[in-house]
Amino acid sequence: MNELLDPLLLSRWQFGLTTIYHFLFVPLTIGMALTVAIFQTAWVRTGKTHYLQLVHFFGRIFLINFAMGVVTGIVQEFQFGMNWSDYSRFVGDVFGAPLAFEGLLAFFLEATFIGLWIFGWDKLPEKLHLATIWIVATASILSAYFIIAANAFMQNPVGFRINEEKGRAELTSIWELLTNPVALAAFPHTIFACFMVSAGLIITVAAWHLSKNQHLDTMRPTLKFGLWAMLISGGLTTLAGDQLSLAMVATQPMKMAAAEAMYETSTGADASFSIFTLGTPDGVHELFSIRIPYLLSFLSTHTFDGTVEGINNLQEQYQTLYGPGDYTPIIWVTYWSFRWMIGLGLLHIFVAVVGLWLTRKGQLPTNKWVWKAAVWSFPLSLGAMIVGWVFTEMGRQPWLVFGLLETADGVSPGVTGIEVLISLVVFTVVYGSLAVVEFRLIKKAAQAGPAPLGDPDEQTGKPLVHTTVY
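For the sequence shown, position 388 matches number 388 in full-length UniProt numbering, and the numbering has no gaps at all.
Please keep in mind that the hints were generated in silico from the structure rather than gathered at the bench. The structure displayed is predicted, hence computed values, not measured ones. The beta carbon of each residue, even a glycine, is placed where N, CA and C say it ideally should be. Hints are supplied without guarantee of correctness; some may be wrong.
[Unchecked claim] Okay, derived cross-link-like pairs now, EDC-like style, lysine to aspartate or glutamate, Cα gap no bigger than 20 Å in a straight line:
(1) K361 x D217
(2) K166 x D93
(3) K166 x D409
(4) K48 x D217
(5) K48 x E126
(6) K166 x D86
(7) K166 x E406
(8) K48 x D122
[To be verified] Estimated spans, in silico, between C-beta atoms of each pair:
(9) G268 x L321: 20 to 30 Å
(10) Q319 x I290: 42 to 52 Å
(11) T172 x L216: 30 to 40 Å
(12) L105 x G362: 42 to 52 Å
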């Protein structure tokens, strides 16, 4: 019973659950903001009515998602003080800097200009109004960078010094913090993946309407746009992920070793990548695997004869550096989350390739199962991003800040297990209810389809009353 009420264990579960839930909205917000900006630009440049319809159609979905993301994101800030006060005290001077930039600069721009975009349809000049949604899209991406920079400090601490007298880390270079190699590598990988999520939603929504033979003139080009967006963003995500793997090997070699469940240092052909592995429950011994020789060496070093350090060798090094202890993350979590991330992402790219082939020369599939597969494919990229973050954070364990602060040392000393348990249950119930509301609102908006614009005067977009749309 005491283990079940362990404040550390419960605090980790609470932060993990609330973070994953909040992250359900983040990639869609980033991707949808850019999508709406592109459609509105197309309308301003061409004057074609269906682009204006798409602006308001996907704008509704974007705003529903944005509102829910703001509500759930606020809780994340509170948890640093509630359950992780020792962490906040130790790195607050460093970790708080990029968070301050995110709140005071990026989110301020995003919140301000999203209001101008919503209420400025019949008040701002056409091109100035277009600029507001582009500022929203840019600010959302900028916001993501500051968050990633803060997280990168936990993966690869830079730009700081330890004040021995106060027992805390203090910022010495904001530039070094914001140009952390891990942040520079993780940012494009994350942003392109966000575009995959929004492309996935576009594919799903367009496929649903086309399968019912409705809104054909609007949804045909929308499906094509989503398929190409998925293919392009998927390819860029893959390339950016390759660069992130190099940064990961350079800064956290244990994470790469754990991702492959490789216990002994290997070189060349022996540094193989396992597509599928069966092992003992503790993950220590391999029973069966399907492997590609040289691939792990290439992913880790960009050479086919590179050396990849194993878990046992790294464990010895870390014990020498940091003292006695187990510095190995949970192997089965890192191993399988890494593969699910890659597998789900590639599967969604495959959906796009098949979709582009089946819709070539303007034709549409007649097989109902093709449409069902397209409609139900949406969770693939989002699932890939979620397990990718699970891999990123769990692969860092047992460190909260790599090499500086272990997770066990960051929890609030005054919080009790029962207090965390109560808040965990409350958050789970509330978030579960919000999830139902979010899903129903987006589903209703998506199934309603693009609204008709009415008489020709309304096709300018100016009289399109926002109060009836938003």
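Hint check:
1. K361 x D217: Satisfied, since the Cα-Cα distance of roughly 15 Å is no more than 20 Å.
2. K166 x D93: Measuring from Cα to Cα gives roughly 12 Å; hence the hint holds.
3. K166 x D409: Within the cut-off at roughly 16 Å; holds.
4. K48 x D217: Status holds; Cα separation ~12 Å.
5. K48 x E126: holds, 14 Å
6. K166 x D86: OK: K166 and D86 at ~13 Å, within 20 Å.
7. K166 x E406: holds, 18 Å
8. K48 x D122: holds, 18 Å
9. G268 x L321: 20 to 30 Å: Since G268 and L321 have Cβ atoms about 27 Å apart, the given range 20 to 30 Å holds.
10. Q319 x I290: 42 to 52 Å: For I290 against Q319, whose Cβ atoms are near 33 Å apart, the range 42 to 52 Å is violated.
11. T172 x L216: 30 to 40 Å: Since the Cβ atoms of T172 and L216 sit about 60 Å apart, the hinted range of 30 to 40 Å is violated.
12. L105 x G362: 42 to 52 Å: At 45 Å between Cβs, range holds.
Of the numbered hints stated above, those contradicted by the structure are hints 10 and 11, listed in ascending order.
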